[in-house]
Amino acid sequence: MKILYINNDGGGFADYISIEPETTISHFVDQRLKHGLATDYLIRVNRQPVSSDYTLQEGDRVSLTPTKIEGARGALGQSHGCRETEGDLLAPAGR
Amino acid sequence: MNDFERLALRAAISIREAMLVDPPNQELDLPQTDWNRLQRLLRQKQLAQDHEWRMAERIINTRLIFTMERLATDLRQRTRDLEQSIKSRSTPADLRLLYEELIALPNEFSEVSIDLRHGILRVVTEEITLEDITLGRFDIVYNWTSEGPGPSYDIHALDPAPSNANSDFVHPHISDGILCEGEAKSGIEAALAQGRFCDFFLIVANTLNTYNDDSAYVTLKEWYGTPCLDCGTSCSDDDLTLCSGCEDPYCHQCCDCCRNCHDSLCGSCLQSCEECSTPHCRDCLNTCNECNHDFCSHCLTDGYCEACYETLSETDPELEEEDNHYETTNPQQISTPPTPAETASP
Ligand SMILES: [Zn+2]
Ligand SMILES: [Zn+2]
Ligand SMILES: [Zn+2]
Ligand SMILES: [Zn+2]
Ligand SMILES: [Zn+2]
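Chains Y and Z are the protein sequences, given in the same order. Each residue of the first sequence is one higher than the last, beginning at 4 in our numbering. Each residue of the second sequence is one higher than the last, beginning at 3 in our numbering.
Take every hint as true, because none was put in to throw you off.
Simulated restraints on C-beta separations:
no.: 1; chain 1: Z; residue 1: Glu85; chain 2: Y; residue 2: Leu40; range: 32 to 38 Å
no.: 2; chain 1: Z; residue 1: Glu85; chain 2: Y; residue 2: Glu23; range: 31 to 37 Å
no.: 3; chain 1: Z; residue 1: Arg78; chain 2: Y; residue 2: Gly62; range: 34 to 40 Å
no.: 4; chain 1: Y; residue 1: Ser55; chain 2: Z; residue 2: Arg80; range: 42 to 48 Å
no.: 5; chain 1: Y; residue 1: Arg50; chain 2: Z; residue 2: Ile67; range: 48 to 54 Å
no.: 6; chain 1: Y; residue 1: Pro52; chain 2: Z; residue 2: Ser154; range: 25 to 31 Å
no.: 7; chain 1: Z; residue 1: Ile135; chain 2: Y; residue 2: Ser55; range: 31 to 37 Å
no.: 8; chain 1: Z; residue 1: Leu77; chain 2: Y; residue 2: Gln60; range: 40 to 46 Å
It is worth saying that the hints were derived from the structure and are not from the lab. Small disclaimer: the values here were computed from a predicted structure and weren't measured. Every residue gets a Cβ at the ideal spot worked out from N, C-alpha and C, and that includes glycine.
Using the sequences plus the hints, can you model the full thing?
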């Protein structure tokens, strides 16, 4: 089944992806964040907080936003953005 | 539909209209300067080869490689910019998506407002504290009608607690209302281009909630300035004086200057002449040869304080005579501070 997955880390990622049915949100997040901790992210399903055992449904909108994002100063900001980014830079969110 | 939802719907319609308007025709210019430079370098290379100038050819080759690489990077960036502008134009945000983003804002922020007339979306962050320093709440203001270069949003401190070290800064990563986005840059651009406003505000708020020591306008370590060692007041560097005695920092109020050499000194390093009480540095006071107390040069005569001089001259008439002699023939001598050789240190 398909869900809309948005990851606001780094370059940002937003696209429909396929997942196994009966996937819980915590399982899904662990799968996607190979190097990160779920506690470092604000996790929303259909723009609402959910419990970790929530089972994802067809068409759900899952968004992950890091709770810590390092700002910079002036010109230094240009060279930042060293977090790992996931896939395409600007995949359209809607259709 | 409640009042906020009605307002959000009208805002979503207005935002969608603004997004559909083609951005002002950006002229697609090409990196002409580097291109011309490459052609010039190629001619130079040919010339060097013809004359077998090996050294010159090597230098030209290095410059060619450098310029080619710079041109390639530049072109790649221009390609990305063009792709992005085409993409954001060809996929206007869905009205439902925009509406849902707007009505989700009150779930994330305690204060949200929409100003239809001016095209402004505004949220207030929670109180931000970085490394135990309270910076207060911030207003993130997005203007969906804003045109031209530069960010379409700005940030204001609602309970400004500027740095003592530099009062221009209310947050280590904000200057003049503009957030230096750092890692957030591409996430913000993507969220705005796709109309994901809730994501946009969350990314900005979470960036405000994060401190990056390596790249702050004012580091939090220096946020409160340096405390005066005497009264404890935090001061910016401009408001601090280094005591020329102990070399520790003090505020202007806690320093005074030596009336002889005008060096600034802290309360503990400053001493007073025991006769006239004027403040002096240790070096500008001298010890009376007789009583071993400290006096300024004006209050010593031939290395003796006034009291000792009087007593001594009563018992040693020569001293008085000598003194009179000085006074009559060389009055300036009296006000000259005795050199260390003339004074006996205890
Ligand atoms: Zn002080
Ligand atoms: Zn001192
Ligand atoms: Zn002095
Ligand atoms: Zn004196
Ligand atoms: Zn004396």
